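S.K.: Same order as they appear, the protein sequences are chains A and B.
The numbering used here numbers the first residue of the first sequence as 1 and each following residue consecutively.
The numbering used here numbers the first residue of the second sequence as 1 and each following residue consecutively.
It is possible that part of the hints are untrue.
Which copy? The list can't say, so a pair holds if one copy fits it or any two copies do.
[Said to hold, decoys possible] Derived DSSO-like pairs (lysine-lysine); straight-line CA-CA distance at most 27 Å:
#: 1; residue 1: 290; residue 2: 356
#: 2; residue 1: 243; residue 2: 162
#: 3; residue 1: 342; residue 2: 329
#: 4; residue 1: 329; residue 2: 290
#: 5; residue 1: 158; residue 2: 243
#: 6; residue 1: 329; residue 2: 132
#: 7; residue 1: 290; residue 2: 131
#: 8; residue 1: 132; residue 2: 290
#: 9; residue 1: 131; residue 2: 329
#: 10; residue 1: 131; residue 2: 356
#: 11; residue 1: 162; residue 2: 218
#: 12; residue 1: 30; residue 2: 7
#: 13; residue 1: 342; residue 2: 132
FYI, nobody ran anything at the bench for these hints, they're computed from the structure.
Here the structure is a predicted model, which means the values were calculated and not measured.
Protein chains: 2
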Amino acid sequence: MNLIYYKNIDETLYTGELENGLKIFVVPKKGFNKKYAFFATRYGGCDRRFKLGGQWIDTPAGIAHFLEHKLFDMPDYNALAAMTASGASPNAFTSLGMTGYLFRCTDTFEDNLRMLLDFVSTPYFTEESVKKEQGIIGQEIRMVENNPSRAVSQNLLKSLYKNHPAREINIGSVESISKITAQTLYDCHRVFYNPSNMVLCCSGDFDPESIYKIAAEKITAAAGEVPERDYGEEEGPLPDRVKFEVQMEVAQPLFAFGSKISYIDDGREWTKKLLMSDLACELLAGDASKLYAEMYSSGLINRSFAIGTGSLPRTAVVLAQGRCSEPMKVVERLSQAAESFKVGAEERALFDRLKKTSIGNFLAGLDSVENICHTHAEGHFNGCLPFEYLDIISEITVEDAAAFIREAFSLERLAVSIVNPINKG
Amino acid sequence: MNLIYYKNIDETLYTGELENGLKIFVVPKKGFNKKYAFFATRYGGCDRRFKLGGQWIDTPAGIAHFLEHKLFDMPDYNALAAMTASGASPNAFTSLGMTGYLFRCTDTFEDNLRMLLDFVSTPYFTEESVKKEQGIIGQEIRMVENNPSRAVSQNLLKSLYKNHPAREINIGSVESISKITAQTLYDCHRVFYNPSNMVLCCSGDFDPESIYKIAAEKITAAAGEVPERDYGEEEGPLPDRVKFEVQMEVAQPLFAFGSKISYIDDGREWTKKLLMSDLACELLAGDASKLYAEMYSSGLINRSFAIGTGSLPRTAVVLAQGRCSEPMKVVERLSQAAESFKVGAEERALFDRLKKTSIGNFLAGLDSVENICHTHAEGHFNGCLPFEYLDIISEITVEDAAAFIREAFSLERLAVSIVNPINKG
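Please work from the sequences and hints to get the whole structure.
M.R.: Written as structure tokens, this is what we have:
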């Protein structure tokens with residue numbers, strides 16, 4: 001494996017790649033008790049239409065998540081139970097752009113790593129077990145559809161995008177998953193779980209070379225074609241729909257509003273833009289800003305208010321959310337403040353403090369083996385590794401952030417999603 | 001400060017006590033970026049009736065949580081905003097038996113520690129700000145009351161206990177908090193935030209002595225009387241109410257069922273009983289058990305199923321919970337398996353693995369400065385410090401666990417709480 005030493009944070013990253021294209025990252029953490037492994041494929045809820053062998057293929061919404069559930073079934077055992085019995089805490093999740101399988105343990109790391117690599121790379125589905133899973137996931141979908149916090153975010157994405165697959169709920173609908181068959185699962189596994197579309201990240205107190213050896217021993221499949229993905233026609237800066245209101249069982253209105261961040265097809269530049277967006281949000285209306293204090297003390301917002309950036313495959317959103325009695329007043333106050341935002345001495349001083357906090361949060365994240373593995377997988381798929389972040393943050397200026405604020409929170413670019421209490425009238 | 005070196009886990013605990021009784025714990029973590037401080041009082045949602053100067057005093061439900069919210073107000077600034085501006089991430093929470101104030105940071109630890117000690121020990125309330133907070137917390141209460149997961153747990157406690165204050169929701173009701181005045185807050189602060197009722201726990205890469213010095217400089221109040229608390233008449237082993245069913249907006253029934261664990265007035269023995277209860281739950285129906293596999297594969301339970309122990313002031317509950325279509329079948333199957341539970345070779349082997357997993361989880365927890373501080377505060381209030389856990393776990397036998405299972409999950413001791421979907425008929 002190759003070694004990169006990051007002097008400014010005193011961390012070492014080992015990188016390796018198998019002949020079949022599987023990428024391996026190891027960050028040793030001396031003295032840690034916890035050992036963590038994260039095996040991920042660049043395949044998430046948004047990857048529903050892709051080109052393979054020159055053909056465009058459409059798959060049902062929710063397929064990546066469905067496949068994640070089913071992969072734990074091995075022909076003769078259940079991987080979740082086996083790894084739990086072997087002293088690990090295994091789990092998995094599917095986001096919009098990635099599916100990740102993971103475990104944490106203190107001893108028996110190598111045995112569990114073998115099991116992880118085995119079950120993720122062994123597809124095994126029967127029509128009967130697929131049918132049963134449709135029932136289980138169907139219930140999960142109904143729970144999610146009933147959840148006001150999920151609804152308010154999902155409706156914001158539906159309003160912002162005209163074409164992007166993030167419009168659809170990540171785990172699909174009861175109707176969409178009813179179209180999944182064992183064959184669809186085998187096909188998608190073959191395409192997206194091919195080693196050249198995957199990454200293995202490990203962190204803990206162990207020898208990087210032993211991890212490389214185990215990966216080479218277990219992942220012997222040939223490299224496959226990495227499919228081209230279709231995330232829909234390019235989107236303009238304006239939202240598809242300005243306002244999306246629904247009624248649900250809530251005590252107080254829930255709101256989310258924000259705008260799209262236009263994509264840059266360069267890993268480092270894109271990462272810089274997202275980090276800048278985070279800083280800009282804090283500068284405008286974070287906990288330490290004047291605007292936050294003003295809105296809080298006037299009772300317009302409460303501690304549920306949050307502002308930040310959400311990264312999606314090949315796009316991102318900047319958004320504010322929370323619960324309050326008059327959401328539209330928050331939208332107006334915030335966009336007004338944004339459109340007239342100017343950099344004075346106070347803003348400059350706050351921005352310097354925010355950069356320091358951001359660096360502090362980044363360093364604090366290095367104490368967590370989970371965080372190290374997840375950010376390396378994401379960073380790899382986005383083309384910019386996390387240990388570069390400190391350098392990138394130092395390049396961001398307050399003027400950049402101010403320009404971003406004025407644009408991103410201008411009224412014409414915003415979409416607003418609200419969940420109102422049911423009018424019992 | 002005094003030093004205890006725990007050889008089996010290679011950790012050092014520094015302990016100290018100011019003359020006024022404030023207890024201080026510091027666990028240095030060499031090489032960590034994150035620094036964490038946790039300042040807690042043994043005062044939570046259950047401490048509503050207490051004896052002081054020979055008099056029994058009653059306070060409204062939700063007062064500890066209300067006081068937590070208000071303490072961030074200083075005469076001339078808001079502590080949350082000030083610490084955020086100074087590069088820390090501050091927060092607070094109120095549980096049934098404790099209120100804790102905390103921050104995380106990487107630099108500027110000492111400045112932030114001074115601010116933390118300052119604002120927690122400085123009561124400042126006006127009738128106007130109390131009125132305003134009643135509105136804010138009133139909204140929080142309505143959110144919580146509307147939450148099906150909270151409802152199913154709270155209704156279980158209501159069913160199990162006849163007298164214990166855990167019956168009431170930790171943050172009170174709109175009605176109970178309406179009785180809080182600035183004077184009530186000053187009184188409760190004086191009683192429960194006196195140094196002899198409090199503990200300061202810090203973990204990170206720093207010198208323990210400097211923390212002691214800052215505490216001695218900032219916490220100069222005299223020791224107060226530690227009040228005697230009334231948690232209601234002693235409870236028998238049987239539940240007050242066998243079944244509690246309500247209807248809410250859920251897609252699928254939510255359930256929680258369990259029984260009371262009788263209290264032992266000895267810190268080490270009580271801790272041993274709780275650790276044993278955790279192991280017993282895993283042995284009977286945890287992820288790695290035969291019963292779990294059987295119930296899961298027959299579709300009776302899904303991955304939402306969980307079983308474990310909940311610790312409350314001077315009592316505890318053992319409980320199983322989750323979502324499924326036929327909760328009563330889960331209750332029957334589990335209590336049936338518990339009542340006829342026998343220790344064979346398989347159970348013995350599983351128990352050994354579970355002990356190893358439990359030790360692994362404990363060690364993994366030592367990588368987290370947050371976890372170290374929280375468990376030391378809790379351990380101090382319960383009379384048994386966490387670094388003793390490994391010794392205690394090794395003493396627990398599978399026969400103890402089996403006897404516990406047969407008793408705790410016997411049908412007559414169980415209460416069942418269910419949230420059903422609203423019948424739209």
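S.K.: Does each hint hold? Answer for all of them.
M.R.: Status of each hint after checking the structure:
no.	hint	result
1	290 - 356	within (18 Å within a copy, 51 Å between copies)
2	243 - 162	within (14 Å within a copy, 49 Å between copies)
3	342 - 329	within (21 Å within a copy, 64 Å between copies)
4	329 - 290	within (17 Å within a copy, 56 Å between copies)
5	158 - 243	within (10 Å within a copy, 42 Å between copies)
6	329 - 132	between (47 Å within a copy, 19 Å between copies)
7	290 - 131	between (55 Å within a copy, 24 Å between copies)
8	132 - 290	between (54 Å within a copy, 20 Å between copies)
9	131 - 329	between (48 Å within a copy, 23 Å between copies)
10	131 - 356	neither (52 Å within a copy, 37 Å between copies)
11	162 - 218	neither (42 Å within a copy, 57 Å between copies)
12	30 - 7	both (16 Å within a copy, 18 Å between copies)
13	342 - 132	neither (58 Å within a copy, 32 Å between copies)
In this structure, the hints that do not hold are numbers 10, 11 and 13, in rising order.
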